[in-house]
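Visitor: Just so we're aligned: 221 in the numbering used here is position 221 of the sequence shown, and the numbers increase by one with no gaps anywhere.
A portion of the hints provided could be inaccurate.
Computed beta-carbon distance windows for the label pairs [said to hold, decoys possible]:
| hint | residue 1 | residue 2 | range |
| --- | --- | --- | --- |
| 1 | H174 | E219 | 15 to 21 Å |
| 2 | E306 | R121 | 15 to 21 Å |
| 3 | D195 | K318 | 17 to 23 Å |
| 4 | A91 | G337 | 43 to 49 Å |
| 5 | G337 | R92 | 44 to 50 Å |
| 6 | D323 | E263 | 29 to 35 Å |
| 7 | A134 | R223 | 38 to 44 Å |
| 8 | V257 | F228 | 22 to 28 Å |
| 9 | E263 | R175 | 41 to 47 Å |
With a cut-off of at most 25 Å between alpha-carbon atoms, the simulated BS3-like pairs for lysine-lysine come out as follows [as the list claims (entries may be wrong)]:
| hint | residue 1 | residue 2 |
| --- | --- | --- |
| 10 | K283 | K297 |
| 11 | K318 | K297 |
| 12 | K332 | K297 |
| 13 | K293 | K249 |
| 14 | K318 | K283 |
| 15 | K316 | K198 |
| 16 | K318 | K249 |
| 17 | K332 | K283 |
| 18 | K293 | K283 |
| 19 | K297 | K198 |
| 20 | K293 | K316 |
| 21 | K297 | K249 |
| 22 | K297 | K316 |
| 23 | K249 | K332 |
| 24 | K316 | K332 |
| 25 | K198 | K318 |
Simulated from the structure, these hints should not be mistaken for laboratory data.
Note that beta-carbon positions come from the ideal geometry of N, C-alpha and C, so glycine has one too.
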Amino acid sequence: VKVFSAHRLLIGMALARRSAGAAVAPSAGGAWSALRRSLVADFVRASRSFSGAAAAQWRCLETPNPDVRKFEWPEESAAPGVVMVLGGARARLLQLDGVGDVFVASGASSAQPWVSVTRSRGASWDMLAPQVQAVLGDMPAEGGASAAPEEAVAPSTSASSGGVEAEIEEVLLHRVRPSVQADGGDVELLRWEADTGKVVLRLQGACRGCPQSAVTLQETILRTLQHFVPVVRSVASEEDAYESGGDPKADIPWEHVGMPDPEGIRALSAAGTPFFSTFVGMKVEGAMLRRVKFCSKLELAGRTPEHVFLSCPQCKVKRTVEDPNDLLLPEKGNHTGNAAVVICPMCCVIISR
Numbered sequence: 001v002k003v004f005s006a007h008r009l010l011i012g013m014a015l016a017r018r019s020a021g022a023a024v025a026p027s028a029g030g031a032w033s034a035l036r037r038s039l040v041a042d043f044v045r046a047s048r049s050f051s052g053a054a055a056a057q058w059r060c061l062e063t064p065n066p067d068v069r070k071f072e073w074p075e076e077s078a079a080p081g082v083v084m085v086l087g088g089a090r091a092r093l094l095q096l097d098g099v100g101d102v103f104v105a106s107g108a109s110s111a112q113p114w115v116s117v118t119r120s121r122g123a124s125w126d127m128l129a130p131q132v133q134a135v136l137g138d139m140p141a142e143g144g145a146s147a148a149p150e151e152a153v154a155p156s157t158s159a160s161s162g163g164v165e166a167e168i169e170e171v172l173l174h175r176v177r178p179s180v181q182a183d184g185g186d187v188e189l190l191r192w193e194a195d196t197g198k199v200v201l202r203l204q205g206a207c208r209g210c211p212q213s214a215v216t217l218q219e220t221i222l223r224t225l226q227h228f229v230p231v232v233r234s235v236a237s238e239e240d241a242y243e244s245g246g247d248p249k250a251d252i253p254w255e256h257v258g259m260p261d262p263e264g265i266r267a268l269s270a271a272g273t274p275f276f277s278t279f280v281g282m283k284v285e286g287a288m289l290r291r292v293k294f295c296s297k298l299e300l301a302g303r304t305p306e307h308v309f310l311s312c313p314q315c316k317v318k319r320t321v322e323d324p325n326d327l328l329l330p331e332k333g334n335h336t337g338n339a340a341v342v343i344c345p346m347c348c349v350i351i352s353r
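Between the sequences and the hints, there should be enough to build the whole structure, so can you do that?
Guide: Here it is in structure tokens:
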């Protein structure tokens with residue numbers, strides 16, 4: 001209010017002087033200049049105050065991903081019909097030291113956008129968050145519909161294909177994405193593989209590299225999809241590579257596609273590879289081991305996940321392996337670099353370093 005009042009007063013006084021058409025005495029001119037300088041100073045101070053208030057309005061929220069924070073503009077803070085426009089926000093935020101990635105999205109249930117910022121390795125949120133809020137506080141607010149963000153989260157056009165894929169899109173839109181977006185993430189349907197019953201998603205925002213993303217996929221999204229679309233058998237993600245390279249401690253979902261290799265399994269056992277059972281709570285040896293004829297191979301490649309979530313689309317089995325690297329420790333008697341996890345009487349997953 002103060003900004004606009006000062007601006008209107010300047011214009012009104014200028015118009016009054018012009019309409020009067022009278023010459024201004026030097027002393028009067030000096031008084032006018034002083035008044036103008038005072039009004040301009042008030043205008044600048046009010047503008048700075050408004051900018052600082054706008055930055056403070058952007059709430060910084062923690063997410064399940066420790067390297068990602070969600071910044072949202074509270075809907076109640078906006079005047080009716082006014083929305084924040086974030087075109088160009090991603091490019092500006094990526095210029096900040098300590099910012100590794102930025103996801104700009106429009107909330108499904110709100111016209112007010114939100115932003116997920118991924119910090120670079122070693123960056124401190126105490127230093128970074130105020131800088132992000134300052135950049136966002138400089139973004140304009142406009143009336144009417146907001147400009148399309150750089151990374152829109154609108155439903156995929158694949159839904160127009162109808163059938164099962166459209167049903168999956170509908171479930172994702174109304175049953176999955178609202179809760180995922182509340183935590184600063186999002187999911188996008190990449191494809192539906194009808195021959196295998198597999199749904200492939202792209203994880204976005206806080207979901208990318210999150211240690212809990214595997215749990216979200218297998219325990220939340222898969223169960224929800226299977227409840228409403230029973231033909232869905234499995235869910236997997238394809239994450240785009242991003243600057244921080246992902247979290248090496250993130251949990252790993254592993255879909256077991258067993259290949260017949262009874263001789264290779266016996267050779268691994270003879271070489272000393274331990275076989276552990278996830279369903280009888282013991283090492284697998286003797287006659288039980290001879291029944292195992294199918295295997296898949298998972299290479300950790302330096303990753304140190306807390307969990308590996310194993311699933312088999314054929315027999316529908318689901319197993320969880322806690323701290324898989326613990327199975328590979330030489331100090332625990334494993335000198336082969338491999339460990340086999342038997343997930344059903346005939347199948348195993350070979351985990352290697």
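Visitor: Which numbered hints are broken by the structure, listed smallest first?
Guide: Hint check: 13 and 24 fail, others pass.
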